[in-house]
Amino acid sequence: MTDLAVPLRAKDTEPRSRDQVVLAGLLSLPTLFLIVLCLIPLFLLVQLSFAHREDGGLWRAGLELTQYRQLLNPQFLKVALFSFTLALTTAVISVALAFPVAYFISRMKRRAQITWLVGLLSTLSLSEVLIVFSFQVLLSGGGGLVKALVALGIMDSVHSLYPNFAAVMVCLVYLVLPYIILFLYPAMSQLDDDIPAAATTMGASPARAFLTVVAPMVKGPLLSAGLLVVIFTVGSYLTPLVLGRPQQWTVGILISNGAMTTGNLPLAAAQAVALVALMVGLLGLVRLLTRAGSPAS
Amino acid sequence: MNEGLVSTILRRGFLALVALFIAAPLVVVIGVSFNEGRRMSFPPSELSLKWYKAFFTDAGWMKSLETSLSISALAAVIAVIVALPIAYAVWRYNSKAAKALAGVGSGLFLLPGVVTALMFSAFWGMAGHVGRIENVILSHSVILLGIPVAMLSVGFQSIEKALIEAAHTMGAGDAEAFRMVVRPAMTPYILCALVYVFVLSLNEYLIAYMVAGFSVQTLPIRVFTSLRSGYEPTMCVGAVIFILLGFAAFSLLAAVGDLPKLMGRHRPLEA
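One line per chain: the protein sequences are Y and H, in this order.
First residue of the first sequence? That's 1 in our numbering, and the numbers climb one at a time after it.
First residue of the second sequence? That's 298 in our numbering, and the numbers climb one at a time after it.
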């Protein structure tokens with residue numbers, strides 16, 4: 001990225017201050033935009049979490065820990081633990097599926113690759129609302145899948161396949177799968193074919209070569225992909241709300257209910273801050289563990 | 298040799314299953330949308346375009362579609378206008394400030410949807426500017442900013458260094474080099490970034506709902522609210538339109554830009 005900037009800068013050493021002026025001009029609008037629409041809202045969210053709650057969905061600015069203390073009740077902790085378990089399970093399943101898919105796609109001919117990419121991007125961009133709705137249709141008694149399962153004798157009677165944990169899980173995997181395949185795609189297309197090929201000529205089966213030679217080469221991207229899934233699903237809201245039972249409710253549902261129905265904005269804000277803090281903590285932990293594990297440092 | 302055949306069959310079978318999984322809910326919704334009856338049934342018992350007619354003659358659905366399309370178009374334009382100087386400053390000046398801005402943009406994209414939705418609803422509430430369409434447009438453009446920044450950066454990096462040097466040796470100034478080399482090279486990337494932000498904004502519902510959901514009804518919000526009250530066959534038509542819009546947008550993207558490269562492939566591909 002810098003290879004271009006260096007020769008250009010070397011050429012004009014004296015109008016260095018002119019560069020600064022141009023740069024300031026270029027970046028003034030984006031800076032203003034991000035301060036107003038990102039930093040101020042973030043600050044307000046944190047401030048809100050320390051605010052004092054008043055009746056009727058109102059609150060006034062303050063610096064109290066009431067809301068944070070409420071987070072320690074077992075009910076919230078249970079929901080938070082469930083959210084993270086759900087996110088981690090989704091991560092493991094979706095990465096295990098996406099890894100071979102991304103590898104195979106990166107080895108296809110150009111046309112086939114583009115077809116897969118267009119298909120993946122189209123489903124990736126599809127609203128969670130529409131996907132959850134589609135799953136509702138697919139899993140309902142009249143949705144075809146149930147009829148097929150009954151006809152095959154796998155199910156005894158016609159009844160819908162949701163709400164339950166499995167429906168939530170499958171839909172979440174569906175939602176993140178295109179993201180993860182596309183996330184792993186660059187790393188897979190950069191992989192050298194010579195090493196797995198060498199392993200197969202030395203007698204390893206293709207599946208074995210894939211698992212013992214290819215997988216370790218992309219350990220880093222696989223781990224990042226898993227983290228990305230956790231980040232995406234830990235705050236999931238609509239899928240557990242529609243396809244799950246109240247036992248499968250997540251922090252995301254608590255936060256939006258708090259904000260939209262019960263009108264306790266300070267508590268919702270505290271829950272949101274806690275969720276982000278837990279996520280950042282998890283990221284830090286993984287980074288620490290991987291750094292300790294790698295021989296380089 | 299035989300083992301090679303087995304692994305080919307296994308690979309094809311696996312990919313076919315994944316493709317089936319990805320296609321299944323979409324196929325079912327498309328099928329149900331052509332169903333004659335009011336009750337949900339797949340495969341459709343009798344084919345009919347009745348619900349399409351109902352969708353396109355319903356003022357409420359059409360208004361939602363129009364609202365969705367205008368929000369996304371404006372959000373895409375704003376996001377790209379803000380992203381361009383950031384990506385350019387990172388590439389041309391290797392500016393630390395621009396890198397920090399890019400980092401803030403992509404960090405925001407990684408926050409859970411509920412958190413950003415709550416953040417923006419608090420922000421617009423305190424600004425005393427509630428339930429307006431601009432709230433959704435601006436919130437979408439800032440939340441999706443990381444995408445155009447990343448895509449435009451790929452574009453800038455792909456510009457041949459030699460071409461700019463050639464332009465300079467031929468006596469072109471910075472402005473001319475920009476016009477002759479940078480602008481034409483960047484056009485497809487700008488287009489791709491616009492399409493991408495447009496499609497993602499079109500499908501976003503949680504922020505839109507929490508920021509202005511009661512007064513600004515985008516199509517996903519309408520589906521979302523009827524999702525909780527009960528099934529309506531016109532919802533399927535709305536879903537089909539969005540499936541087709543996304544598919545059309547990304548096919549266009551594949552036709553205009555080098556999709557494998559845009560998705561991060563650096564090695565050239567044989568046709």
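It cannot be assumed that every hint is accurate.
Stated by the list, open to error - Covered by chain H, according to a simulated footprint, are these stretches of chain Y (three or more residues, beta-carbon under 8 Å):
(1) 30 to 40
(2) 93 to 103
(3) 151 to 158
(4) 182 to 192
(5) 211 to 225
(6) 264 to 270
Source of the hints: derived by calculation from the structure; they are not laboratory data.
Yeah, the Cβ is synthetic: ideal placement off N, Cα and C, and Gly gets one too.
Tested hints:
Given as covered by chain H, the region 30 to 40 of chain Y passes the check, having 8 residues with a CB less than 8 Å from a CB of that chain where 3 are the minimum. Evaluation of the coverage hint for the region 93 to 103 of chain Y: fulfilled, as 3 residues show C-beta separations to chain H shorter than 8 Å, against a requirement of three. With a threshold of 8 Å between beta carbons, the proposed coverage of the region 151 to 158 of chain Y by chain H is violated, since 0 of its residues qualify and at least three are required. Counting residues of the region 182 to 192 of chain Y whose CB falls under 8 Å from any CB of chain H gives 5; the rule of at least 3 is met.
Remark: the region 211 to 225 of chain Y is not confirmed as covered by chain H, as 0 of its residues place a Cβ nearer than 8 Å to a Cβ of that chain, below the required three. A stretch counts as covered by a chain when three or more of its residues have a beta carbon under 8 Å from one of that chain; for the region 264 to 270 of chain Y and chain H the count is 3, and the coverage holds.
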